[in-house]
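Asks: Below, each chain spelled out in residue letters.
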Amino acid sequence: MATKNSRTERLATNDIPISGRRVAAALHAVARHRVLAVLVLLAIFPWLMPYKALAVDILLYGLFAMGFNLIFGYTGMLSFGHAAFFGTGAYATGIAMVHFNVPWFGAMALGLVIVAAVAAVIGLLATRTRGIYFAMVTLALGQLVYYAVYQMTELSGGENGLRGIQVSELSVLGVPVNLLDPVNKYYFMLAFIGPAIWVFSRILASPFGAVLEAIRENENRARACGYNVAQTKWVAFLLSGLFCGVAGSLSAIHLSIVPIESLHYHTSGLAVMMSLLGGMGTFFGPFIGAFVFLLLEDVITNITVHWQLFLGTLFVLFVLFLPKGIWGTLLERLGR
Amino acid sequence: MSTDTVLKADGVTRRFGRFTALKDVSVSFNRGRLTSIIGPNGAGKSTLFNVLSGAFPPSEGRIYYEDREITGTPQHAFPRMGIAKSFQITNVFPQLTAVENVRVALQAMTNRFTLWRSRTSFPELQEKAEALLDQVGLDRHRHRNAGNLAHGEQRCLEVALALACEPRLLLLDEPTAGMSPEETRVMMDLIEGLAAERTVILVEHKMKLVMGISDQLIVLHHGELLAEGTPADIQSNDDVKRVYLGQRT
Amino acid sequence: MAGYPIELIVMQLFTGLALGTVFVLLAVGLSMVFGLLTVVNFAHGAFYTVGAYTGVFLFGLTGNFWVCLVGVPLVVGTIGLVVERFLVRPLYGRGIDYPLLLTFGLAYVLVELVRIAFGTSGVPFSAPPSLQGALNLGFGYFPLYRVFLVGFTTVLLIGLWLFIERTRYGLVIRAGARDPEIVRVLGIDVSRVWLLVFGLGTAVAGLAGLLAAPMRGVIPEMGIPVLVEAFVVTVVGGMGSLAGAVVAGLLVGVVVSMTSLFAPAFADMSMFALMALVLVIRPQGLFGRAGLMGG
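Protein chains in written order, with this note's numbering: chain A, 350 to 685; chain D, 865 to 1113; chain Y, 953 to 1247.
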């Protein structure tokens, strides 16, 4: 299979016209300075969108899908329980702010500590299983967190979700900032998501990133090389959960509420779909997936209430005919 | 355990469900020697290999390495004890380049959890990886994806991965399986060279191939130890002739 | 357990067994498909939903529950055949995650189609008059429908077991689960067996949906908790094992109904605690073989 791929790749690079090569060169440049490219685009992003809140959504879900992609795309483990980290991040931050009057940065830090604990425990159980079991066990444990938070009505608000997170006057380094203003909010979010993207990129480029790829490529060989595969997977799972937790924590501040759905299996499914649509195991894929997904959702829900029919069909078609996703296919066509 | 012995299996039995693949086998492997495990199909060669190399524990019996017992030691601990192996089925990282393959293997000895530095900022690893590729004759293919290498080249790459931990003991499971005669000759030369510096245990189906290069032979049959000795001993052993050589005529 | 009369506990135990039989049915379908095709059907819950709604539709048409009992597995099974033939089959050999992802997307399509056809709110569906009322079991009165459910499922499982153990097709299923090569030697078209097993698995899921409908209600989202339950049972029992599905299904049913008696707040979570316990003690499941987990 690999041989066939390289052949089509080579054909593609020879056959594309000059303008195509220019595109390829541009893409190469983007791939080389990926962090810078993303940051420049993100700085002007809200003005490219039909409305600015959509830009915030795309950032948040892009970060969520990116964190998920560390496990799915780079380590080769398909998790269906990442809503547990997104939702826990959101709830822990929100609860700390609403019920305990913790300032927003303290609440976010606390949120991350709790997400780390949840990810550590779920990871410990789930990485005991392999292959297809991993998807089933992460899904089940994710639902466990959902039911647990659902039951904690006094703290979480149960099925009504958590309400009353005040963001109209957040003190940022002593300066009061009104996050009800969409532009303020966007840059507030970017101040966290930008560094997160950079850290993620560093991890991928590190020796540890190479170990993850090795495990994805061949678990047995990685073990024979001297890697404790279960332990490495657990660390990857924890890191992946933390990135998703940051996204969740920010979403609590973004929405001022935390809906119970943020812990639901469907939210885990969002990360799966965004990653696959954009291109799993590629750096930009999750953001492109989030962008396409949310933009389509915005357009189509204006036309019909049956958005999920369209979404499901689109996803099935991608699995069948475009399994590398939009960005992954583009990279392959233009030759890496 | 005598100081000459590197690895020893003591009364090893391995069952899969009701099937006994290995029955009470006791063998020892001497330091600096090349020992080949041979036997017809289904003799239990691969099972013995897997038990010795830690892929799975024996159902009964013990394994000793140097001066300690290693029965049940997890697979990933073997390279740091100085034991490396190659698999019967080609086992590389197909989507990584040849040099990345070796670099990942080298890195397992030093920085397994380095999260912050760039993976290309370790010139000593890069040099070592390139040297290992030279050693197995793959220097021209450094930057090709492992999955795109020819079968024989992939097997050589796997040997390079095994060498990354600087093993004192190297276990190879049918390293020439599926190779052309030319590739086989390259591989056997490589193995002979490696055996000059370390202990090698080789599982091989084709007896003729290992006769010339082995110091010691172990013959398995139906999961039991049939004979052991020098190639000359084995060639003149009546039991071996009956069950092994007899099959061919 | 002070304060709880023994009759109540026995009744709750029986309720648990009745609930467990639904879990068994769900897990058997899922496990069978995985055992042979190594496909985890994420649309299993959606087929369950489609089964319940097909029941609603057929009941509206004929007014006869027994017609539904035959018709639902036929209809849902046929949908399953089409899905295997045209959607899942192109993905064989492409890695184990792809059929899973495909059926995950398919579930959205099926559930949305149900919403389009039957609306987004639930529809009423009650047991047929001949199965309403209660039966005196000696220690107390028990809903007749649940007694029927336990009996019917038992008969169905015995039938399924005989099919797998005693028929030529069953032989192929058992052999194929271990080694597709053997099936080829027997001169049987493997792809037809795979088609049949996928259809059978979905038919059983549909039937479970119909049978559960009078107990658990009919709404488009009914399949989601069910998918999770089926996974939990499969993980507890061990993938690909019929005996594992039966024992784990009943066990999960009893655990859930007992916690809803003694600690109602934890009823939804109890099965996950059981699963976590099994994962710690025996990660391959109660009846699973260690090798299968590699998948």
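Don't read these hints as lab results, they were simulated from the structure. Note that the structure is a prediction, hence the values are computed from the model and not measured. One or more of the hints may lead you astray.
Claimed, not checked - Distance ranges between label pairs, derived from CB positions: (1) A:F454 <-> Y:P1076: 49 to 55 Å; (2) D:N894 <-> Y:V1232: 54 to 60 Å; (3) A:F449 <-> Y:L1229: 28 to 34 Å.
Each residue gets a CB set at the ideal place from its N, CA and C atoms; glycine is no exception.
Asks: Does each hint fit the structure? Answer for all of them.
Replies: Status of each hint after checking the structure:
{"no.": "1", "hint": "A:F454 <-> Y:P1076: 49 to 55 Å", "in the structure": "52 Å, holds"}
{"no.": "2", "hint": "D:N894 <-> Y:V1232: 54 to 60 Å", "in the structure": "43 Å, violated"}
{"no.": "3", "hint": "A:F449 <-> Y:L1229: 28 to 34 Å", "in the structure": "33 Å, holds"}
In summary, the one numbered hint that this structure violates is 2.
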